[in-house]
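Novice: Chain by chain, the residues:
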Amino acid sequence: GAVVSQHPSWVICKSGTSVKIECRSLDFQATTMFWYRQFPKQSLMLMATSNEGSKATYEQGVEKDKFLINHASLTLSTLTVTSAHPEDSSFYICSARSLLAGVLNEQFFGPGTRLTVL
Amino acid sequence: KQEVTQIPAALSVPEGENLVLNCSFTDSAIYNLQWFRQDPGKGLTSLLLIQSSQREQTSGRLNASLDKSSGRSTLYIAASQPGDSATYLCAVGGGSGNTGKLIFGQGTTLQVKP
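Chains as they are written, first to last, in the working numbering: chain A, 1 to 118; chain B, 1 to 114.
Bound-form chain B, shown alone (with noise of 0.2 Å):
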């Protein structure tokens, strides 16, 4: 059964800090995997997809990298902002048959302080 963990379940840092969210799943038998931001009583909001195939991706100042081997993804942030503040989840896409189901891990809840 696909377990994801995140690391550090919270995280404080001053504007302007590079910072680094680490997800792993226990099963490299993945599909792909969705970085997504969740401000508190909304919805998600993607951030970046990496296929399976895939190293990394980058949007702006967020840059994903997947290691499939070792089970692991980072989410990079660069320049980090106050509006930066909000929980980031992590999903896996299953390995098999393209279900699209999603494992979600707890998330990162981040705060950006000015």
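For reference, chain A alone in the conformation it holds in the complex (with noise of 0.2 Å):
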């Protein structure tokens, strides 16, 4: 089945620093990619839609410069959390999606990434 990986799994930063999480699909091409945060106990929450080569969509609430996504190749999308601070710990995940994937619409997740800003 189709495989995405994100890097790194986890990462302890100081606040104010920023910290860059990959999201790659492995064996598909993925023309969107999508970035959830969940909050321990909580469900997944959207946070934007990447599309390769043009600026990702955001969702309301969602402050696009302190979460900067780049989306430069059909396997690769990046979220940068700027100056980090400890409200944005969370648990990071992405998913990809392609209509080449075998299910039109279906989307392939990421393994997440623990974020944790002292």
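Keep in mind the hints are simulated off the structure, nothing from the lab.
Positions of the beta carbon are idealized from the N, C-alpha and C atoms, including for glycine.
Hints may be right or wrong, so weigh each one.
Computed list of lysine-lysine pairs in DSSO-like fashion (alpha-carbon distance at most 27 Å, straight line) [said to hold, decoys possible]:
#	chain 1	residue 1	chain 2	residue 2
1	A	K20	A	K55
2	B	K101	A	K41
3	A	K64	B	K1
Now the stretches of chain A that chain B is said to cover, found in silico as 3 or more residues with beta-carbon under 8 Å [to be verified]:
#	segment
4	65 to 74
5	110 to 118
Combine the two chains into a complex, taking the hints into account.
Specialist: Below, the structure is given as structure tokens:
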């Protein structure tokens, strides 16, 4: 099946620093990638939709200058949390969608990245 | 605005029992509905995807049904096993434009006791 990877799997950083998270589709080309965040014991909340070669579309309430998304190729999207603060600590999960992935519109999820900001 | 609700929030059953997880959504104009499994601290594993034109999908011991008109889906797990213990999430794919956006429910945390 389609595989999506994320790197790093976990990261601890100091308040005020920036952190970059990578999301890669390993065996298919992802025309669209999605970024979610998940707080403990809560469900996933969509942050933004990333289409290759164009600007990301952010959900209401998500600061685009704080969460920078780049989708430079059909297999890689990055999320950069700029000037991270403790309230940004969360589980960040990406997903990838390809019309060639076997089932129209099915999304495949990465394993997630645990971000802890001290 | 689409809202997805899952009931119950938590469920504990003895091994071997058949069980049903429920998912309801407020806007019936959906593109598809997907059931996922999430183990603690891990990402999501897709279990079943039902297109809006379909009524059910089956995979092994899992069967998912979809009733768009009533805004409901159920995930049936037959002969539950301890390895089925996880959080089960349902997610609804938006209706118009095929944007791919998924709206998630809060999940049902299942514990299957040996």
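Novice: Which numbered hints does this structure break?
Specialist: 4
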